[in-house]
Amino acid sequence: MPVSTTPRSFQEIILRLMTYWGAKGCAVLQPYDMEVGAGTFHPATTLRSLGNKPWAAAYVQPSRRPTDGRYGENPNRLQHYYQYQVLIKPSPPDLQDLYLGSLNAIGIDTSLHDIRFVEDDWESPTLGAWGLGWEVWCDGMEVSQFTYFQQVGGHDCKPVSGELTYGLERLAMYVLGIDHVMDMPFNDPDSPIPLKYGDIFRQTEEEYSRHNFDGATTEMLLRHFEDAEAECERLLAFDPEDPNSGKRIIMAHPAYDQCIKASHLFNLLDARGVISVTERQAYIGRVRALAKKCADAFVQTEAGASVGAAA
Amino acid sequence: MSDLLIELFSEEIPARMQAAARENLKKLVTDGLVEVGLTYESAGAFSTPRRLVLTVQGLTPESKPVREERKGPRTDAPQAALDGFLRSTGLTLEQLEKRADKKAEVFFAVIEKPGRKAAEIIAEVLERTIRTFPWPKSMRWGSGSLRWVRPLHSILCLLGDEGGAEVVPMSVDGIVAGNTTGGHRFMAPARFAVSSFDDYTAKLRRAFVMLDSAEREAHIWNDAQNQAFARGLELVPDAGLLTEVAGLVEWPVVLMGAIGAEFLHLPPEVLQTSMREHQKFFSVRNPKSGRIEGFVTVANRETADNGATILKGNLKVLSARLSDARFFWENDLRVAKAGMGDWAEGLKAVTFHNKLGSQADRIARIAALAREIAPLVGADPDQAERAAGLAKLDLRSAMVGEFPELQGTMGRYYALEAGEPEAIANAARDHYSPLGPSDAVPSEPVSVAVALADKIDTLTGFWAIDEKPTGSKDPFALRRAALGVIRLVLGNGVRVTLSSVARTGMNRCFVETGKIIAKSLESITIGEAADGAENGGNIAELLGPIREKVFRQNAAGIADEPPATLPKVADLLSFFHDRLKVFLRDQGIRHDVIDACLAMPGNDDLTLLVKRAEALQAFLGSDDGTNLLQGFKRANNILTQAEQKDGVEYSFGADPKFAETDEERALFAALDAGEAAIKPAMAQEDFAAAMAAMAKLRAPIDAFFTAVQINTENAIVRRNRLNLLHRIRALVAQVADFTKVEG
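Heads up: the sequence lines are chains A and B, in that order. Under the UniProt record's numbering, the letters of the first sequence match residues 1 to 311, in that order. Under the UniProt record's numbering, the letters of the second sequence match residues 1 to 743, in that order.
Among the hints, erroneous ones may be present.
To be verified - Label-pair ranges, simulated between beta-carbon atoms:
| # | chain 1 | residue 1 | chain 2 | residue 2 | range |
| --- | --- | --- | --- | --- | --- |
| 1 | B | Gly-240 | A | Gly-273 | 45 to 51 Å |
| 2 | B | Glu-277 | A | Gly-308 | 44 to 50 Å |
| 3 | A | Glu-206 | B | Leu-333 | 38 to 44 Å |
| 4 | A | Gly-308 | B | Ser-42 | 46 to 52 Å |
| 5 | A | Ala-27 | B | Met-1 | 42 to 48 Å |
| 6 | B | Leu-333 | A | Met-34 | 39 to 45 Å |
| 7 | A | Gly-273 | B | Ala-230 | 31 to 37 Å |
| 8 | A | Met-34 | B | Ala-320 | 28 to 34 Å |
Said to hold, decoys possible - Dumping the calculated DSS-like pairs for lysine-lysine here, alpha-carbon to alpha-carbon at most 25 Å:
| # | chain 1 | residue 1 | chain 2 | residue 2 |
| --- | --- | --- | --- | --- |
| 9 | B | Lys-137 | A | Lys-158 |
| 10 | B | Lys-137 | B | Lys-26 |
| 11 | A | Lys-158 | A | Lys-24 |
| 12 | B | Lys-696 | B | Lys-657 |
| 13 | B | Lys-633 | B | Lys-679 |
| 14 | A | Lys-196 | B | Lys-316 |
| 15 | A | Lys-24 | A | Lys-247 |
| 16 | B | Lys-27 | B | Lys-103 |
| 17 | A | Lys-292 | B | Lys-137 |
Honestly, the hints are just simulated from the structure, not real lab data. We treat Cβ as the ideally placed atom computed from N, Cα and C, and that holds for glycine.
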């Protein structure tokens, strides 16, 4: 495989990943327009990993982890960051090689680096999902998560999806040789207006850190959590027959949006420090219950069905 | 004779699973082959991150034919019986033989099973092995249904001899066995064919794969040692890490680097733990200063720049990790230097167990108990109490939050920074010990007091709330805690009455549970009252007396002991005794000897108990001991029988004036002398002297039984002799319960 040149900016790395996975046949999607904790929450991964319809998608997903806010001071910790996500169903036999090809594409010369697949099983208690795989190490640094989904929303994955998650900032800092995320060139450093990551995100990190830890109104968050939970269940309780269109329409995606909302509200409440250790498990359980119900609904739809498979 | 080679080639197998997988592959395949009649000379299993390999040498080319005869029903038996026989043998009526058998004619089935080719058997056994392989966790992939630890890509299965080898025809879930494999993922990825195990290992080596994990381990260890030595440093041994690292690479390349000067002041345990846990680095020590100054990482490939890029990348990750560690250390030091008050405060909010209160509550109990235990172990009570109060504060430190395995180790550093004396700081480090059966037992008095108090509080606490271990379930490691107490007591010769320490400990735990119940009762009342005044009122009325009782109990504290305390203490003591039996059995002390000593008073003083048991075992090992035991048993049997028959207890009034023979008189004298010697010996707990005094009874007892008949016509003489036997029983019973001794 020809070794690519070293990229010069954060966005160039993203563009190369897009080009690479697009060329490998993935639908290059856009980020989901809601606040999520990780790229896995995008319905293109959670919901589309269910049922037996083939699927291949790649996208960037802005992700929020309110408790990770460090006011823009920590060199590698952010409350808002980007994940690059690839999901292919069924997982192709050469997925490891495809993945290694993507590292080459962003300028990691595998003949000079030490790439290792180190056991790391993935589990999402809020999504009722788990899989087996590895964290991929490059010279001792974790650059990606590689997972074969076994279960999502309580449903066995048949066929199995292969999921790749790249932590974009960390990976890019490594490739570009940057020590502090805020110093990383976002666009080409020779651009007429060169912008660094910090030019774009330092202020928002400060603002959101303050918001997440002190600003957000907890009573409102608690209320919205309850609302999202109730709305999710209400939407799923509708009769599938839609009187307006005369079609069978299960509102799996709108219901799942409410599940995503509940999950993010829980994360905010957690950052505000108002959830005790015992309550924590209960909240996670409530979000998981929603995720399972959404999965149950999605597999009843055309996109989520297991066509031709024995029940 | 043939040789078999199997390789199961997959995506990366977790390092921790490889050793068991090798053993399982070997066992499942060879057992399967032997089961159907093949034999072999030797077998060996190997693993790398991407392959599981088995070689079997000297395999018989086919199984032996088997001829089996089975007797069936009589020829005149009902049709149903005949049908059943045909079904079970798989034969037809024509194939059966009729033979005369005693009275009647009987059907016989002669079943001939021809020998089968090894290849056919191997194909079956290997498929079954793959489908039922006992991975700790397995998965599906793609559209298949096969489960393996990670996706299985190819199967190599070759059977051959000097003349050549052939692929064993078989397939599993669409993976067809062949004679090819792949080399190193990056250095030689092309697939190639092999013809034998030797050819396989040689070609793998050329393709940058070292098949044998033992060889990889040796290579890593030697190379790492040499590199360290060349710089005047030494490698810190870590067998577990070595095995793990050898399971992560096919072509180990050892690279050594130096830790940045800005991190060298961190405690060596912190450097070591951070490097091992996060990056699987070995630590390299400067033998002169004892400091950790370097690291060794093991890459999975050679590179054109001799690993320079790899080392640079690893160093960068290390700096980020150690920056975190330094950040934790510096923050922790600020709290430590201020006396660790923030942590003590923080532990009030950390639940230990919802029925036993917070970590702060627990620490207060341990401190009170440590103060009570201190005089028994020669520690200063003030110091023991203070040490117990500080020993667990590091649980709130950032460093222990990141590396839980550093609990105690950090506690010692922080206590020293807080200006505490060595004895108190050491107790923070040592009070968790002994953890395992081979872990060292603390010996400094303050550490011993805190270690005992910690474990006894745990045991009494979980006993108080009925969370005892059951069967294999022991989630709070209470067996380990009890064994820890035993080893602390015996290892330091501590004289402590366990039941009384457990009693105060148990009462303190009951006060805690009482507080928690009272609090929850209070919250129920308030909650219900808010719901509706009427219901709230009713419930408040109901709860009133219960609350009052709980509060009264709390106010009374230890003075007003809950009725459950004593039975629970007794139960806990018998738990200690069970653990002690297991422990002493491993030390070679007979179980009946332990039982004989457990039956004696003072059995909650484990040091005394063991001293007694050791002396008794030594005594029973001697001639005098065995014979005295026989004499005792004979006396005891005669006496017990007579007592049962007569319905009286012969326990008093043996008088030498009714003695008729010299042997009788000699026994009187010997018992007088024995009693005079044994009593003071027992008072001084000189069991050896007591046993020696008992040994002197052996000859007079033997002579007595030889010369004297107990059950004589003369009732007075008989009663006197029975009462004399009682003196033997009573005397021996002062030392141990000999009725429990076998033999």
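The hints, checked one at a time:
1. At roughly 37 Å, the beta carbons of Gly-240 of chain B and Gly-273 of chain A sit outside the given window of 45 to 51 Å.
2. Range check, Glu-277 of chain B to Gly-308 of chain A: about 48 Å between beta-carbon atoms, so the 44 to 50 Å window is met.
3. For Glu-206 of chain A and Leu-333 of chain B, the hinted distance range of 38 to 44 Å is not satisfied, since their beta carbons lie about 28 Å from each other.
4. Hint check: Gly-308 of chain A to Ser-42 of chain B, Cβ distance near 50 Å, so the stated range 46 to 52 Å holds.
5. A hinted range of 42 to 48 Å is violated for the C-beta pair Ala-27 of chain A and Met-1 of chain B, which are about 58 Å apart.
6. Roughly 43 Å separates the CB atoms of Leu-333 of chain B and Met-34 of chain A, a value that falls within the hinted 39 to 45 Å.
7. Distance hint check for Gly-273 of chain A and Ala-230 of chain B: the Cβ-Cβ separation is about 52 Å, which falls outside the suggested range of 31 to 37 Å.
8. A C-beta distance of roughly 31 Å is found between Met-34 of chain A and Ala-320 of chain B, which places it inside the suggested range of 28 to 34 Å.
9. Distance hint between Lys-137 of chain B and Lys-158 of chain A is fulfilled; the C-alpha atoms sit about 18 Å from each other, no more than 25 Å.
10. Among the hinted pairs, Lys-137 of chain B with Lys-26 of chain B is consistent with the structure: their alpha-carbon atoms are about 19 Å apart, no more than 25 Å.
11. Under the criterion of a C-alpha separation no larger than 25 Å, the hint pairing Lys-158 of chain A with Lys-24 of chain A is consistent with the structure, at around 22 Å.
12. Taken as a hint, the Lys-696 of chain B and Lys-657 of chain B pair is honoured in the structure, with Cα atoms around 23 Å apart against an allowance of 25 Å.
13. Between Lys-633 of chain B and Lys-679 of chain B the alpha-carbon distance is near 22 Å, which keeps this suggested pair within the 25 Å criterion.
14. Distance check on the hinted pair: Lys-196 of chain A and Lys-316 of chain B sit about 21 Å apart at the alpha-carbon level, within 25 Å; holds.
15. With a C-alpha separation of about 36 Å, the suggested pair Lys-24 of chain A and Lys-247 of chain A falls outside the 25 Å cut-off, and the hint is violated.
16. Note on Lys-27 of chain B and Lys-103 of chain B: the hinted pairing is violated, with a Cα-Cα distance of about 49 Å set against a maximum of 25 Å.
17. Only pairs whose Cα atoms come within 25 Å are accepted, and Lys-292 of chain A paired with Lys-137 of chain B is accepted, the gap being roughly 23 Å.
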